[in-house]
Amino acid sequence: MTVDSADSTAAAQQAQPPRKRAAAKKTAAKKATHTKKAAAKKSPKRSPETAPRETPQGQSELVQLLTPEGERVANPEFDAYVDAVTDDELRGLYRDMVMSRRFDAEAVTLQRQGELGLWPSLLGQEAAQVGSGRATRRDDYVFPTYREHGVAWCRGVDPTNLLGMFRGVNNGGWDPGSNNFHLYTIVIGSQTLHATGYAMGAAKDGTDSAVIAYFGDGASSQGDVAESFTFAAVYNAPVVFFCQNNQWAISEPTERQTRVPLYQRAQGYGFPGVRVDGNDVLACLAVTRWALERARRGEGPTLVEAFTYRMGAHTTSDDPTRYRADDERASWEAKDPIERLRAYLASQTDTDEGFFAELDAESEALGKRVREVVRAMPDPGHMAIFENVYADGHALVDEERAQFAAYQASFADEPAGEGV
Amino acid sequence: MAVKKLPIAKAINESLRTALENDPKVLVMGEDVGKLGGVFRVTDGLQKDFGEERVIDTPLAESGIVGTAIGLALRGYRPVVEIQFDGFVFPAYDQIVTQLAKMHARALGKVKVPVVIRIPYGGGIGAVEHHSESPEALFAHVAGLKVVSPSNASDAYWMLQQAIQSDDPVIYFEPKRRYWDKSEVDTEAVPGALHRAVVAREGADLTLAAYGPMVKVCMEAAAAAEEEGKSLEVVDLRSISPMDFDTVQRSVEKTRRLVVVHEAPVFLGSGAELAARITERCFYHLEAPVLRVGGYHAPYPPARLEDEYLPGLDRVLDAVDRSLAY
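If you read the protein sequences in the order shown, they are chains Z and P. Those letters in the first sequence? Residues 1 to 420, per full-length UniProt numbering, in order. Those letters in the second sequence? Residues 1 to 326, per full-length UniProt numbering, in order.
I should point out that these hints are in silico values taken from the structure, not numbers from a laboratory. Among the hints, erroneous ones may be present.
To be verified - Cross-link-like lysine to aspartate or glutamate pairs, in silico, EDC-like; alpha carbons within 20 Å at most:
#  : chain 1 : residue 1 : chain 2 : residue 2
1  : P       : 110       : P       : 167
2  : P       : 25        : Z       : 327
3  : P       : 110       : Z       : 208
4  : P       : 216       : Z       : 175
5  : P       : 25        : Z       : 208
6  : P       : 25        : Z       : 392
7  : P       : 112       : Z       : 208
8  : Z       : 204       : P       : 52
9  : Z       : 204       : P       : 23
10 : Z       : 204       : P       : 21
11 : P       : 110       : Z       : 158
12 : P       : 110       : Z       : 175
13 : Z       : 204       : P       : 57
14 : P       : 112       : Z       : 387
Only a predicted model underlies this, so the values are computations on that prediction, with no experimental measurement involved.
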């Protein structure tokens, strides 16, 4: 699955995604109608700069393969990347999204019940995460933010592993090497540099493995993200920058981060940028595959802006009613990533109700398992404070560990329940 | 021949060369480290011999240098990055403190990030601002980092070898005004432990503890004091995190007096930590409070004033006199 190589080489030189102009025009009108409608539904304050719109060349900015109604639309540039996707694989994508959402909902509930300290919900971003996550190969490496629960699912990370840091029993906890899924990164944007360095290393090793770095619209303002674009560009690193523009950085809308559509920033660094419908799992799969294949071929980095929406709060500590209107959320509910694939599956494939019923049961079972695992998750032992501070040890840590152990031991004779 | 007389800068160069030869995973990264050989020529000739893929000129972005080095380390490389001057490290401070220092612990030991960050530091070269600072305490305060500073060519060579071999991130502070001081380096010696202090000069009446560029000042102070009949012991701390309190304790139990010297501001500097530890450990041995000599709580001054700001022979001897007067 490759685009016409001459075409893509020329396109790369122009730092633009591969587009066949004549063909692109055909679908432009249709997509423009949709996207203009979407823009009109937004809060009146929203700047037109950050809403989907047409480029000066008259091409639609937004790559979309499935409309919100679940209708498949042709896209000559990116169809090739999903032509071979079978109905079973589509059902697999659907399952990934449903399971991710169910897991996420369970985590929100567990936070409300006091089992977790905090939870950043992915609600609404399932397509962006599953589409991109399923585009990666086993030997690719993923650098997430702290919200990539759907990507983790696609990488085969046990979802319960993600909960330790939010319960407060560790600060990460899983082995990044076991699924090539790095630890969550909380300081915004830092991981894009790690991804770039890792990609530089992968290229040095002569592999065709690629790296994908997740970040958000808020992170696009971070210096580290700008530096990662620079490094990736000048070293031609095989990395895909996957920006989930979910429209909100806690309370700040995207227009507080940028005056141009985010994907256009890539042009200034000399690599292609593409905006994809982040609520369209098929389009996210296609565009990410395209970008990863560019990386594998040694054509360097790509910026993918997945245009999506954070349906929930930033985290369970956030109150979005203070800064955004209900009608905005309602407009995005009409573009729900799961509903649109379900509509497609129901109308265009032989998927029967039994599949959906079984999946409901399976997702409920996941919720139950997550609940049980979290509730049984033990607090770490006191001495864990001193574990793994250094790989080669450190005299001060040894000294303080011994002092702390002696202090703890001094309570050994006290009656039960009287310890510190 | 394994024993050579080298300036510190050349010893570091040789050490980098040895590391690049011995381990294909070692990379040298930084601004101007390639063709130019670094602004102090510490990496001179390395790119010519090891190529642009291993001796990497980077964009002018310190956070980017350290951040990509972390990624390379996660991939299995051992990057040795150069921050051009002490005052330029702060754009990378977040990556060093938030990411580099904590990643091993966050992964419960499942990943290692063996990054070495070389920083030429300290004053005395008549530089413009941001080129003469001593920020070691800002790094030593952070768990997960190790911080060292050699004072002579042999330590410069061997401590860098050991830092590169360490699976932990190491901040390696180079005493830039001593870059051209020569001493013998035995490249086939068996080096002492990276984080152990050494007694650089034995004495009986008072201990001077220092590291990096101040060791030379303390040695000169000890020589001057000897002419006045005072016997000063000099401890070269070598490592700031972890700090070898045991060696200082043994010295102070003998001399009963301690003066700590560093270029960095005295307030909350590494001397403050050493003073507190030694007071705790040697309370009944001490004949005088532990005194500190260092920079002031003021921005590093313009070059014409740096001789007044930096601890020199006279200020060290003044502190020695005050300690002996108790």
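- [ ] If any of the earlier hints don't hold here, list their numbers in rising order.
- [x] 2, 3, 4, 7
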